[in-house]
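Undergrad: If you want the building blocks of each chain, they are given just below.
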Amino acid sequence: MLSLFLLLPFLGIIALNLPVKGRRDAAAFLYTLSLSIGQAIVVLFNPGDFWAKPDFWGGFFNLGLYADNLTFVMLLSIGIVVSTAVCVGWQTISDHRQRLNFYNLVLIALIGMNGTVMLTDIFSLYVFLEVTAISSFILIAFHRDLNALEGAFKYIVLSALATVLMLTSIAALLLFSGGTSFAAVSAAVKSNSGNVIVIIAVSLFICGLFIKGGLVPFHGWLPAAYSAAPAAVSILLAGIVTKVAGIYVLIRLVRDVFGPISEISSVLMLVGTFSIIVGALAALKQDNFKKILAYSSISQVGYIVLGLGCGSPLGIAGAIFHLFNHSIFKSLLFVNSAAVEKQTGSTDITKMGGLGSRMPYSNATNLIAIFSTSGIPPMAGFWSKLVIIMALWQMGHFTYAAIAILVSVITLAYLLAIQRKVFFGILPQELKHIKEAGIWIVIPAVTLAIIIIGTGLCFPLLFKSFLMPVSSFFK
Amino acid sequence: MDNQLILLLIVLVPTVGSFVLPVLNCVSVKARNLFALLFVLTSFVLTLAILPVVFSGQTITANFYSLTLHADGLAIFMALVSSSLSAIIVFYSFGYISHYENQNEYYLMVVLFFGAMMGLVFAGNLIFLYLFWEITAITSWRLIGFFREKQHVLRADKAFLVTMFGSVMMLLGFVSIYYQNGTYDLAALKGSQIPNIAVILILAGILSKSATLPLHTWLPDAGVAPSPVTALLHAALLVKIGVYVFARLFIATGFVIDPSWHTIIPIIAATSALVSAGAAMLETDLKRIIAYSTVSQIGFIFLGLSIGNEIGVVGAMLYILMHGMAKGGLFLCAGIVEQNTKTKNIMQLGGLIKTMPVTAVSFLLCSFSVMGIPPFGGFFSKYMVMTAATQKGQVWISFVFLAGAIMTIVYLLRVFNLVFMGQSKTQPVKEGSPVMIISVALLAALSLAGGILIYYPSHFLQITLLQLPGIIR
Amino acid sequence: MVINIIILIALVTAALWTAMTTRLLRSAVGLAITSAILSILIFRLASPIAAVFELSVCAGLIFAIFIISITVTQRVTPEAFETRKKERMTKFWPLPIIVIIAAVVLTQIHFQTTFNLPAQTTPNDVKIILWNLRHLDLLGQIVILLTGAFGVVILFKEWKNG
Amino acid sequence: MNANMLLLPVIIPLLAGILILLVRRLRGIISLLATGSILIIAIALFKQQLTYSLPWLGFGIDFNLRLYPFSAFILLSITALSFLVMLYSCSFMQGKNYLNQFYAYFLITIGLASGAVLADNLVLMLFFWEGLLITLFGFIAIGGKDAFKTATKMFIIVGVSDLCMMIGIGIVWYLTGTMTISTLNVPLNTLGCTAFVLMMIGAIAKGGSMPFHTWIPDAAIDAPLPFMAILPGCLEKLLGIYLLVRITMDMFKLTPGSLLSSLLMIIGAVTIVLAVMMALIQKDYKKLLSYHAISQVGYMILGIGTCLPAGIIGGLFHMINNALYKNCLFLTAGSVEKQTGTTNLNKLGGLWSKMPVTAVCFLITAASISGVPPFNGFFSKEMIYGAALERGTIFYIAALLGSFLTAASFLKLGHAVYFGKRNQENENTRESSLPMLIPMIVIAAVCVFFGLYNRFAVSYFLEPVLAGQEFTEHTSTLLIALTVIVLIVAILHHIIGAIVNGSGVKAADHIHHAPVLSGIYDRAEKRFFDPYEIGLKIVSIASNILFFLDRAVDWIYDGFTVKLAYGLSGAIKRLNTGNYSLYIIWSLLGGLIILILMFKGFGS
Amino acid sequence: MVNDMSQLFWMCSIAGFLVFIIGIYGLLVTFNLIRAIIGLELLTKSVTLFLILAGYVTGQTGLAQALAITLIVIEVVVIAIAVGIVLCVFRHNRTIDAQLLRNIKG
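Residue numbers (my numbering), protein chains in the order written: chain P, 1 to 475; chain H, 476 to 948; chain X, 949 to 1110; chain D, 1111 to 1714; chain W, 1715 to 1820.
Honestly, I wouldn't trust all of these hints.
Claimed, not checked - 30 Å max Cα-Cα, derived DSS-like pairs, lysine-lysine:
| hint | chain 1 | residue 1 | chain 2 | residue 2 |
| --- | --- | --- | --- | --- |
| 1 | D | K1255 | H | K829 |
| 2 | H | K900 | D | K1647 |
| 3 | D | K1448 | D | K1206 |
| 4 | P | K351 | D | K1673 |
Source of the hints: derived by calculation from the structure; they are not laboratory data. Predicted, not measured: the structure shown is a model, and the values here were computed from it.
From just these sequences and the hints, can you work out the full model?
TA: Okay, structure coming up:
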């Protein structure tokens, strides 16, 4: 029944664009919201056996989807982040037609992401990555202001480069595999290990994913795209799109397809560490709220890749968990930036101050997100970072562990700078009248904050049942 | 009631209760204040309730899912000290904080801080210890940055970052211990051998939290906080957290470490005591001086703990108690002075004893306790830690600390002289509000009582000693 | 083999011309020519349907898109054109050299490999593969086309404020 | 006798003191009752041997009290003298400020002093001993305007010495494993010597010897007079010398001729001479006396430092004598101050006829302190001379010189106050009231008694202290003759000086203005040699260095780290030029590097 | 035969690589946004060539063609969106100079 995750949004798009009179944007909003929330809830509460059932139309329409725990974590994150973006979009986009377009594109992105996390074919992977990417291009350029266009164009160029690299790699793998399914490719890579072309193919694919995921030094497009995109789109992009397109695929391929190759591990750890450091340092001196968050994304993605590169089950579990956490807390941060942007009309944090007293919910939730990002207990981010660091230590990568954990101090530094400049400090005269941004921003913010804290507090249960059974963790 | 449940309640009542306070504010301000005090007192009373059990030489261990709580004499002692002091400080804030905005946040953070402190004190697992450790960091960050001026928030951030730096190092240390021994559980870690790198890492955390050289300068800068906060943070609880964790890990759990640490840590402590004493001598900001003094005194506590023999440990624990009361009193007095004169610069103050006699006398008495003059409690603790050093044959260290003690006397008298004696340089000021002066007088009286009734805490700690395998006998 | 090599050289030359020509329009034409040559090559590589697609879509549709956009945007005065020409000369002269050097170096490498494939399990027919086996790709294509439509709607919609 | 009785001398005054602080009424009566009752207890306890013990701090630190001949004797002296001074102050302090504080401090002081004497545990002793700091502090601080500065000075000086003692005690514990004084026997190795020096510092600082003396003259001006009478005048000497004797005799067992013994003697000799030199030029009744209070302690230290039984007995005898006559001298000063309102020698004169009783008391005690036979001071000094001569002529000469100058300065003082020309303002001066006269008379009488029956005093009170050690006097006729000659020279010197310089006050001015001495004197008056000032300077310099260190550490966070991070951040920022070509180049370079790494077999 | 196939593969790979270089170079050096898109187009061309080549060499022409067709379809949409964005930029700036597209830096 996994195909429902693709077909329902698809049918929704078609239905929403039928020439019917009335508030189609409200319908679109409700549909998208319920779909994304439903996705999250269904994944969270329904055990996997329902999804293992074959589609009843499987006879003539076979999509060949597949789901494991990693997929479910991703589906959950996608559901949460998309619903968040949907809510924020309702609040920040005022024009009716624009709203409708926005929801259509969000549905397309949803299809793209859901497809990406469920498929088992390396070429379909490309197709759905492109679905996600193209909808993202349009979403970034949604308001057609110059910065957004610039961001979108850079994204297109770099994304195209990534695509070319990945396709070249697919072509090269095709030489050995005889098919494009994960199983075939995996078998081909295993049986031809050491072959020059295979190594090149794997490297190129990983490079392409690095570009998609925005890891240093492949990250050039990311700050521009994130900071120029409309508020709701930034949430989507930072929260989930690049994570699915870059990081999920990386995890999937490295874990399931390419297998544990020590060179890949080393490269991943190197790039991950590099991203952690550069992202955090770059964020330190920014004045733009969203740009700080963008660089922060780079840095946090570095943690995920570092955990992945560690290669041990614990490391991969940590990476997945951090991926989930990152999508939550980064969405929350972007929600708050959206609230601030909406109310002040700017993302320049030097011009703000003292908003905490006027926007108490944003203030409080932002704090929670900051702590989660910096890895301060009892927020969720702490546990995932802890698992990653434990994994690194376990494998003997002491230096990486030390760097990873020390950079969280820098992380805290730049995030505290946001909090200090935006929410604390003295309220400027021209911002005296400011209010909370609106119900559809507050609700997702509070929900996400609750998720962060809930995940943090329930971590022991969660880790045992959901991510991986490491019973001796607390002993 | 079940002892284990009591243990859980001690931690949970303030921790969870703190989040109820902003809600209570909707009912009435008085209710909120009252409940804040009540939550703290509940912990205090409950701790007293399990005191007899521990007094009879037993320990209590409680397991709730992964949360392991463990109560031995050391923990009970620390819990009693911090809860009683917190109660006084919360009481004092009724008077002090009532003039300012963000009171909800204040009470939430104070009570949450206290709850986290209780959690940390009773934590039986390294990870949960770290968890509560960081909650205290968060709350203290908010408390330091209570006033929203840029400078204040910046200082708060600095404090947060420096302690965070230390704590992540400590976390690395914990992880390395985990892989050394395969467990985070303190009971299972008893008496395990700890590599030097882990000691360094853990020490970084402890030093940063306890504001010891070279990670100490956040503490004087944190003096921008409202006074009860600084009292709470600096004197009573926050800086003691690091010391307590040191005791918890290296003495109560009895990590076996390289013997050279018993020389190295006293050297660090001595340097810290001296450097900060020198700084206290030259500072002109009242709260900064007291903060530096705190840094200096923490050195003494570390001396006792790191020497690690019986008298040293007992002395250090007594030091925590006595210094908590006395330094808390000093900060609260400084708070009264600051609030009534609107300045913290001691050069602009003078002659306040005429109009603020209670404050002045309390300040003086608390100073005596900090200096270590009998019959105040500070005398015994100071004597015991210094003797601990000589007892181990490290006479030269006690000489360094002698210099520190001398400087303590000099700078505290200097402060008293400048602030309370001499010509009045400010507008005529009134004595603080009754709630506030009762608090400071109470702390001064407690400092005195601590000395006169020294038998009881000392006796209790000697019972506790049996539970501490890490003592060097 | 010789024909193949000639076609390859033509392909590279066309691409080079596309990149180096001063006029934008010529560049678009060059791209179309490259596509056409490529489709010949694809045809020769036993892929006729793909070749047709390449020819019609890339040499046709994309060429049209470029022509339209160029006519919308192209407003170059003769002086500006002259300066741009000089610029191109200075900026692009390394390209042919790089290409030639790369070509020479790479052709000197004696590449030898054999491709031992696992047994063929799927029918080697493009129609069956496309329509019967790759439903997911088809769905993706449909969605992408839909996206393109939305993109056109959003990006080309009338400009409200000028 | 019930051992609990031992607690009473400690507890009664303490409780009475607290009561006075709280009640604020009937303070005189309460004080007298309290001091009187402990005096009776002390008399009752005299010649008893008692011990008392309570659990206290643990680690062998128990609340041990022990009464044996020595402590009983000191206790008796303390209680008796304090009772007398209390009687005196009831009258003297009338109309002064902070009265209940004064009485409370007085009583608490007595309680603590008793405790220190009785304590049989080093820490307990230190507890009482150091506790005195606070009452001392309070005593001085209530004195007047600048009194707080003096109080601070006292606090720091005495506090430092007490801290030294703290470490000394720690070392003793380390060396012997016990802190019970009666069982201590510390080996005199290097560490033992250190411990001795530290304990000695505590003892002699309490006694007011050089170089820990400088607060005493200041306090003489600022503090209430009964304070001077009871504390620097007598209690502190009793305590300090008591402890000094304990450590030299019992705990460390110094041998004559050892280095430490010589050190003590040098300190004693220097104190005698320098302090009395300063006393000679003073123009204030109380200040002059205060310098003598310092000078006299030199004799005691000198005597004890000889480590000969005779010297120790001499020192002890001198201690008790000094407690008596110095107390009485201060009381006469108080009497004069009370009646005339001043203690400035230039404004006084010719009070002989107006205040005859006071004058007589002064004469007796002045003669006593100058060592005029047959008063008590003479005999104790003779014993010290004898012992000192046995250890070295130089010490003897110093002691003799001190004797000469003492006599000279008291001649000057007596001349200036009681004889000579009467000041106009003092025409209406009358004799003091009876409560003030009684203590003076009693003490003066005791002085005479101790002088006439010196053998009795020594054998009854002091010889038990030696606990069986053989005690031989070293006095010879020659020494007595020398002493007498010195006294005569002093009188002659005074007469000549008074004639030459014009008046009694200026009788010693030629010494003051002597070529080399005048410069030294000037600097001394400006506190050039004050160890306290020097110490503060050192502390201040050290603080500056330390503060610099602290700022340097702070700079690492506030300056260095921030600059470094922002510098790196700026560099990264500059790399992001906004040009997508650059981003492509990065990506390609990154890809290239990854390819190379993959081929190099990186990490495997 | 194998040798022949291998040689063809190598030659076509070289050609594809050269086209790739040309495309990248054009993308990097030009300041004209449309030229940049043409550069992208050239990159795609090389990839198409690789795919078809892989299919030809391994005998899986059916699969390769299916992939190439999908690729071409997607390529068109990407190019259309890119051109749309360029035209939007042109409406803003009245020029398609890539140098003006450097507002977001740092």
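Undergrad: All hints are to be evaluated individually against the structure, with a verdict given for each.
TA: Hint by hint, here is what the structure shows:
no.: 1; hint: K1255(D) / K829(H); result: 13 Å, holds
no.: 2; hint: K900(H) / K1647(D); result: 27 Å, holds
no.: 3; hint: K1448(D) / K1206(D); result: 11 Å, holds
no.: 4; hint: K351(P) / K1673(D); result: 23 Å, holds
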